[in-house]
Amino acid sequence: MVSFNLSEVIKKYTMVIALVIIIGIFYVGTHGTILLPQNINNLLSQNAYVFILATGMLLCILTGGNIDLSVGSVVCFIGGIGAVMMSKGMNVWFTVLVMLLVGVAVGAWQAFWVAYVNVPPFIATLAGMYAFRGLSNVVLNGYAVSITNTTYLNVFGGGADCYIPDFFHGAKLNTTCMLAGIIAVAIYVIVSLRNRIAASRKGYATTSAVGFYLKLVIISAVILFVTYKLAGYKGIPTSLIWIIIVVLAYHYFTTKTTMGRYLYAVGGNEKATQLSGINTKKVYFFAYTNMGFLTALAGILTVARAASAQPTYGMFYEMDAIGACFIGGASAYGGTGSVFGAIIGALLMGVINQGMSIMGVDANYQKVVKGLVLLLAVIFDVVSKREKK
Amino acid sequence: MGNILLEMKNITKEFPGVKALDNVNLKVEQGEIHALVGENGAGKSTLMNVLSGIYPFGSYTGDIVYNGEVCQFQKIKDSEEKGIVIIHQELALIPYMSIGENMFLGNEQGRKSAIDWDKTYAEADKFLKMVGLTESSRTLIKDIGVGKQQLVEIAKALAKHAKLLILDEPTSSLNETDSKALLDLLLKFKQEGMTSIIISHKLNEVSYVADHITVIRDGSTIETLDKTVDDISEDRIIKGMVGREMTDRFPKRHNVAIGDIAMEVKDWTVYHPQFAERKVVDGVSMNVRKGEVVGIAGLMGAGRTELAMSIFGKAYGTNISGQLILNGEEVKLKNIKDAIKHKIAYVTEDRKGNGLVLTNPIKINTTLANLSEICSKHVIDQDKEYQVAEEYRDKLKTKCPSVEQNVGNLSGGNQQKVLLAKWMFADPDVLILDEPTRGIDVGAKYEIYCIINDLVAAGKSVIMISSELPEVLGMSDRIYVMNEGKMVGEMAGAEASQESIMSCILKS
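Chains as they are written, first to last, in the numbering used here: chain X, 1 to 389; chain P, 390 to 897.
Incorrect hints may have been included.
Some but not every residue of chain P turned toward chain X, in silico, with C-beta under 10 Å [what the hints assert, rightly or not]: (1) 727; (2) 767; (3) 811.
Think about it this way: if two alpha-carbon atoms lie no more than 30 Å apart in a straight line, the pair counts; the simulated BS3-like pairs of lysine-lysine are [as the list claims (entries may be wrong)]: (4) X:12 x P:788; (5) P:773 x X:271; (6) P:741 x X:256.
Pair ranges (Cβ atoms, derived) [what the hints assert, rightly or not]: (7) P:766 x X:217: 51 to 59 Å; (8) X:88 x P:529: 54 to 62 Å; (9) P:392 x X:376: 57 to 65 Å; (10) P:529 x X:244: 40 to 48 Å; (11) P:839 x X:199: 30 to 38 Å; (12) P:497 x X:244: 54 to 62 Å; (13) X:332 x P:712: 26 to 34 Å; (14) P:739 x X:258: 24 to 32 Å; (15) X:186 x P:718: 54 to 62 Å; (16) X:38 x P:793: 22 to 30 Å.
Calculated directly from the structure, the hints in this document are not laboratory data. Just so we're clear, the structure is a prediction, and the values are computed from it rather than from any experiment. Glycine residues also receive a C-beta, built at the ideal position from the N, C-alpha and C atoms.
Given only the sequences and the hints, what does the whole structure look like? Please build it.
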């Protein structure tokens, strides 16, 4: 099988291609500013919360286009709890544990109504959106609470200025960062090749060799390019580590585990899944509880970056996450979508934001453009499905 | 012969892979009640859908001559303008709207800018009176019984100025009194000059009201009986409905030893999940032995699917009572997972709706009901999954480019094979196959029958629910007949005939 079907490739990687084109447009529009090391660094760390929330949101959307509207409020609520606890001098790890547990509890609370009482997710989480916004104000007593604990800030990318230290003290380039990039590429190439060799040895159908090596080269190049740029600034931002952990873990989870499989099955055909002996209520419960967990993580990163918690934090975060998933090819009816897709969607939104900011586009028009991009992406999804029929 | 109101000439309608109607002819006289009878899937509803414009002109061949002119209906509105109104088997009323709102839905009274509700309700009351209903048209649909809802449907048709009324199984959800009232109403309309076409399985009702009876079988018109000249007894009609030649459409089973009873139910009763006072399965007892194919015959709505699903870990119904005995031991199955663990599989009749995840590839569908088999600690071994899918693709001769193909892109017959593969991989001892060959072509049917034979040869037990009598007769070692929730007959496969099964149902 050495066929290389261009139209198939374009269809499969539409959003990646769109991302490249949009980066190209902004590269010209900003006279190259958008690809300066500092801007790439900002793009990743500013949007850390979107990457993580979009991953969680994807799992909810997979179950049938269900969304969670409460995540913005819950980010604020959890950040508030953490900030207040640390301001009272509590142990930082204990605080982080409490934040995560509260997140899981909040998720489970909403998941219970969705899964076992059949409250429509839209309503259950709309209720949460109001309630937890209110509770955030209560926890913070209406004021901003600043975070001064340096351990917390260092670990979770605090103060917009936290990086993995360079152990080798490179003169111009951050050597640790560059080395990490090279190691990442090496691991990626070895794992891909091993899987492919194993597959062909067992006589399984493999994808076309041209496509495989092309993909290998492109992804390696992207990793090296990004790490090179980051090395030219201050190195790897700590928040990037958290993003990578979450993305890889959830990619594995959605593609390799039984619960991941059930998420897709429920969204694709709930009745068939039920009749296959799978407890679909549990699947819903899991998706929304997990959303709570990842929301807590996003909350931890958000208040760390700002080095404070304020009652207005997290506004419209839910919309950014939902938008990223749909732009990244998740179906509004459930059953299809991928973690990497959601990440591409989040990147696309992030690039558009940043590019327009650098170009000095009015913030109000930025919103108009984001709205249109989301609409276009979903129209594309609907139309391309109609053609198949 | 009187005036011909409607003539359908040489109607042929094809669906991908299936010829649903093949040169069908139908003549309906002005002012008569014309009955259309035939087995499930014979093409009656398809013919009426052609007539009413649900299948637009151009999607079929042949002519429709109505009132002396050739008609080319593009949509339902076109046929309704001419006075042809169809009342479908499933009631199409919206429960939380009033009778009046329902009657004029899509045909609202008043000016374009605003609905005139006083006029709507006044008109509605007028038509309600004509069908003998005394309810106010402001009553909500959900507050009146099914019998009255059916009358509302007829009033709705009258409000559209119907000249030709088509009723698809109008009495299927009615009790005896309501049915009688409805039929008498049709007779009254006839005296007032209305023409009706009635599709029905209940032959006693057909004999009671019809002037002419047209029999359709396998998409062709067989005969038209005239009340005044022909014998229209039930037996005579049955003969026309089922009298097809039996060729070797069924592969032979050789030397399959029939063993002990594998599964037995005793006095099994199930109530409707929404209407908790309605018995759907009523005191059914049956069994299946190892190596045996047991057929369950009956009409749609006889309660066969409900029986099967209630056995399958209470997947249907409430208040389920009775004994379930597996290999001589009574078991209580809590849920579907439990049923699968006890080696029972239910292969649904609705493969797209309840069986397969169409947006997922073949391999994922194949393993869905038994994922733990290819997992270690909740992590799926994808190599093993691929091998399993390939193995079943080979075994069942599923035609597909690869097991990575989405199931939604396969033909009906191949989808059915994937569905069977899924349940075979769950390694059951008892397989309940619900309409295993519905909507698939003859060649694929034969292959499915071969798979069934292989299953029983391996010592499994198969319960096959089917509405196609030839299939039940051709495949079963033993046949149960079910009607209105009850077992009304049991016979050895070799002794049974289409006539004996039909009369079991119709005379129960």
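Subject >> Structure versus earlier hints, numbers of those that do not hold, lowest first >> reply: 7, 10, 13 and 16
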